[in-house]
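Colleague: Each chain, letter by letter, is given below.
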Amino acid sequence: MAPARRLAPVAAVAAAALLALAAPRLLDRGTLNDVWNVAFAVILASSWNILGGFAGQVSLGYSAFIGIGAYTTVLLAMKGVNPYLTLPLGALLAALFSVAIGTPTFRLRGPYFTIATIGVGEAVRVFASGVRFTGGSSGVRMPAGAFDFDLNFAAMALLAVAVVALSALLSRSAFGSALAAIRQDIDAAEALGIDATRFKLAAHAISAALVALAGGLYAINFQYISPGSVFDFRLSLSIVLMPIVGGVGTVAGPVLGALIFSYLQIKLLSVPSLRDSYLFLYGGVLIVVMLFEPKGLVGVWRRLSRAVRGRVPSHA
Amino acid sequence: MNRGTLPGFPRAPLPLRSRGTRTRGLVRDLPAVLLNSLFAAGLYATMSYGLAVIYGVMRIINLAHAGVMMLAAYTTLALSTRFGLDPFLSLFAVVPLFFALGVAFHRLVVRRLPRTTAAASMESLLLLFGVWLVLQNLAYAIWTGDTQSILTPYTMKSVELLGVRVGVPSVLVFCVSALSLVVLQLVLKRSWLGKAIRAVTQNRDAALLSGVDADRISAVAFGIGTAFAAVAGTMMSTLYAFTPDFGRSFLLKAFCIIVLGGMESVAGVALGAAVLALVENALAVYTTVPTSFQDAVSFTLLVVVLVALPQGLPALFTRRTRRGIPA
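Order-wise, the sequence lines are chains A and B. With the working numbering, letter number 2 in the first sequence gets 2, and the count goes up by one each step, no holes. Numbers in the working numbering are just positions in the second sequence, counted from 1, shifted up by 1000.
Everything labelled a hint here was simulated from the structure, so no lab data went into it. Here the structure is a predicted model, which is why all the values come from computation and not from measurement. Think of the CB as a built atom: it goes at the ideal place given N, C-alpha and C, for glycine as much as any other residue. Some hints here could point you the wrong way.
[Said to hold, decoys possible] Selected chain A positions facing chain B (Cβ under 7 Å, derived; list incomplete):
1. V126
2. V131
3. G135
4. G136
5. S137
6. G139
7. V140
8. L279
9. L286
10. I287
11. M290
[Stated by the list, open to error] Pair by pair, the computed Cβ-Cβ distance ranges are:
12. A/A8 <-> B/D1146: 56 to 62 Å
13. B/R1107 <-> A/Q265: 52 to 58 Å
14. A/R234 <-> B/V1304: 40 to 46 Å
Isolated chain B (complex conformation) (with noise of 0.2 Å):
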């Protein structure tokens, strides 16, 4: 397996076009575009979701994701260098070890800050944002600001899937992301713990009356989003050469996302992310919009969503001013 730093390695996703020159055919691109922004959804709903769980139990918004992120991406790059570990075979060491962190963290330091049921406090806001610049410092401290990116034999190799030719590392990406999502679905729907997730989410009141330790919750939850935080970390880093820096616009990304699709479920979640994704593969190859300018694209969406359909945003706005009024 080879490493380090490769300056040439793209920074957009592998190529995923169409095959033939640049047409612009709705119909001849459509696949293409369909194809990737599946593709892309899958990573954007395991990213966000992480930050959507612990904003629904804890009314946190979790700025170290984009740390933890960047993180998980150096932690790959590390077992891959050091034991020559197969991206995405670290996730089962992966996985714990941030779930581990996440709780670990959640009893130190998140349990001490003010609780707030009604709304996300601006405390727990610049704490997290704190984090996330000590963890950008350390990984700086560590690993230099230099680009990273993790090589593996089938990087460069690609298959056809309907007449379009997909990178294998954005299949198995999307394998894994679709794979964790059915798997969070199912603990949510079926276990005692998901019930209980759920029960703090809708009412964190309610669920204590009912016997449900609602601080214990809590420290899962901040597992289960760390966990997705490192899930989506180790497969951008098959993906994406990265820095300490990295995770930013994603961060920006995973925000839009739960705006666009609500906060508290799953499927929302997800139709964040296809939408978003949807509009950046169309933008990219219909349009002539410069791909510097793709990351304002999840920003400007956003700002078009708050002006044109305000009411359309579900939980955030609706929910919160009714919760604003003292019970």
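Extracted from the complex, chain A is given alone in its bound form (with noise of 0.2 Å):
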């Protein structure tokens, strides 16, 4: 391969980062608040893709990863812990729940593990509602001291960065090859050696480290958090979604779908009218997607393409 083509990317992570760094330099406090909605939501959909888009496993309950990594640094910062060094201890928490809670539901295949998905977090809010530890519904708050919103947004945009990077690199590598000969063919896989269960444990728990690492930023910037909030059955829902609408399986898919996904967020919570039918929405664009193009705005620029292309030689 020539050196040319190897730093490319190497090139645009580090220009991606250095611009993620300048941004609080360039741009103003709303527009940085934007894009760390952004950022967040790219990491959600980049880090869900993993599982659900290269391996094919469809989950709905990836807020239990955010729980799990918001709960863990607020918790640790209440008994004066540094909330930056939680971090990595929120995702080993986090890797370590998923391990825990695929090991049975990966038996299950297709929609029937997207079923049971649905279950565990309905399982983790209940649970987390019920036991004192959390604050019950009145949640727990961040102790009070400086907050410093450039270290968060840094860290929060670094980790964007890292991840889509960590997606492009996972779908090039024999790891991702592996994935994606599990979703398309469970059982060809399995006869040609790969040990299926393993890799859909190792996607889910790298991915599930990544969300909860996002989840203790959020947590470190809202200061607050409670059951209903960060494991809202509607967050899950959202992190699927992005993905979806931008096109499943493919590392430029995700982050499209959180972009179109932040801004409509953004949109609709300016419109107090809008803002009640988020479902008719969210509803409507699964409907829509998966009726006319499953592989998302991805599959409709490939059409696109495959037409322009096509058309050129054979009516020539």
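Work from the hints to combine the two standalone chains into their complex.
Modeller: What follows is the structure, encoded as structure tokens:
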């Protein structure tokens, strides 16, 4: 491979990271907030896509991992630990939890797995609202102290760049090929000697850990969390919708979906009458995408470019 | 007939405890546990069969099922407030209406999905999930998010059966459930339509070769599944208070039941329903598991079954892997 082609992605990642670090100097606080939301959405969508897209295991229980990351950070911060130091622990706990729930639920295939993950999310939410250390429905608050938005922004933006870079790397690696084989035909993949359960568990753990990191940063930024906010089913739902709109199983799709979704969310929240019809919107999007282009915007793009390229020789 | 929002209305089934205070005597509470389980199982089986028939004929997991149950509960509410129609009598209007809706929905939307014979497709699952969300939003727009309930003259009445006091609505619900399942069983076993449904369930291609119009049978099956969801929803509206989000925990229960009992037979569904109902009731009476954790019971049961006896789950796994091998 030519060195220029090898260096181009590295340069792109470095440029994106520099841009993320320079953003606080260039943009005003309101715009930064929007960019923060986009970065958060990109992390969630791209991480989910590692299991849901590359490996084809659609999970509707990802709010559990956000919640684990967020609660680890807040509960330890209340004990006096620096919140940023708690992030790796939250990621580790989320990865362990993902293995614990993946071991039984990965026995289920395709849609059955999806329904079981609705159950996981629901069970976690019910549990979190019932036990005392989560603060019940009233939630828990970060200890009062100096809050540095720029630091939080930088961490979130860098994490987003890292997650997208990781997802691009994974899609080209042997690991990614194994996941793709599992998605296309799990029986054939196992016949070729791929330990499907182990690969699925690994993909689940990686994406859970990344989502938990984002959850911890979310908690640091918002200072207050409750089971109703971080274990919400709607959160799991939007995590799934972003890659689906953009294009499941591609690197660009989830990023595209996250951009569109955060834009819509910002718009929706500013129009009160639309705020009540977000379910209508989400549901409508799902119906339209599934009926007309299950591969999302990336699928539309591929179809268009194929049509453009295909027509020239055939009609020439 | 009274109606409207009643904040104090019990969310759990009406009091079905045995008389006396909180004694945990196994024998003493046994009749209550068994009777309550039986009554709950009737409703659960009706609710789950709708999912099972649609899965059997079309290999589609109908997540909109929960939305249909919710919509039926609100339709029953509307009929009872507008026309003073008794919830159980309103079944005569609700069932044909939802059957027609199901058939129409199949004709307009479901048929356009790419057909898969081997396994349920992710596309159909997500599409119907989208339909569920739209139905929820529809209910929020029409009836707002307030908790609603239907109060009839007999809602608070109870009768004594085998020394256990049982709410009258529970008894009626059980009778309707049992009746609907018996009628269904007769239709499936005796009529041409039932034979055709079973044929398509067993092997769609072979059914097509024998002259069964599988597409039409699919539409009818979707109608039947929707109608069963509506029956369940109407009956639940007499037992529970409901909101537009109503149905999610019941959907999980229904899924647990069809995994336990197998997707394709009425008997299997009934068995799965009985097991879940028994576990739930026994846990509520004999242990101190808080009632707020009740919703987690079905999921835990599902996980336990999956870990402990994966081969014990009949149709779902063995058949699917066999079908996975291209013929």
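Colleague: For each hint, tell me whether it holds in the structure or not.
Modeller: Here is how each hint holds up against the structure:
For A/V126, the interface hint holds, since its Cβ comes within 7 Å of a Cβ in chain B; the closest pair sits about 5 Å apart. A cut of 7 Å between beta carbons decides the hint on A/V131: the least distance to chain B is about 10 Å, and the hint is violated. Hint status for A/G135 relative to chain B: violated, with the closest Cβ pair at about 15 Å, above 7 Å. A hinted interface residue such as A/G136 counts as satisfied when its beta carbon comes closer than 7 Å to some beta carbon of chain B; here the least separation is about 10 Å, so the hint is violated.
Taken as an interface hint, A/S137 does not check out: its beta carbon lies about 11 Å from the nearest beta carbon of chain B, beyond 7 Å. Here the hint on A/G139 is broken, as its CB sits about 17 Å from the closest CB of chain B, past 7 Å. The interface hint given for A/V140 is violated, since its Cβ lies 19 Å from the closest Cβ of chain B, which is over the 7 Å cut-off. Contact between A/L279 and chain B, as hinted, is supported at the beta carbon level, the nearest pair being about 4 Å apart and thus within 7 Å.
Proximity of A/L286 to chain B holds as hinted, the smallest CB-CB distance being about 3 Å (cut-off 7 Å). Because the smallest distance between the Cβ of A/I287 and any Cβ of chain B comes to about 4 Å, under 7 Å, the interface hint for this residue holds. The restraint placing A/M290 at the interface with chain B holds, with a minimum CB-CB distance near 4 Å, inside the 7 Å limit. In this structure the supplied range 56 to 62 Å holds for A/A8 paired with B/D1146, their Cβ-Cβ distance being about 57 Å.
The hinted range of 52 to 58 Å is not satisfied by B/R1107 and A/Q265, whose Cβ atoms lie roughly 35 Å apart. Between A/R234 and B/V1304 the beta carbons are some 29 Å apart, a value that contradicts the proposed interval 40 to 46 Å.
Violated hints, in rising order: 2, 3, 4, 5, 6, 7, 13 and 14; the structure is consistent with all others.
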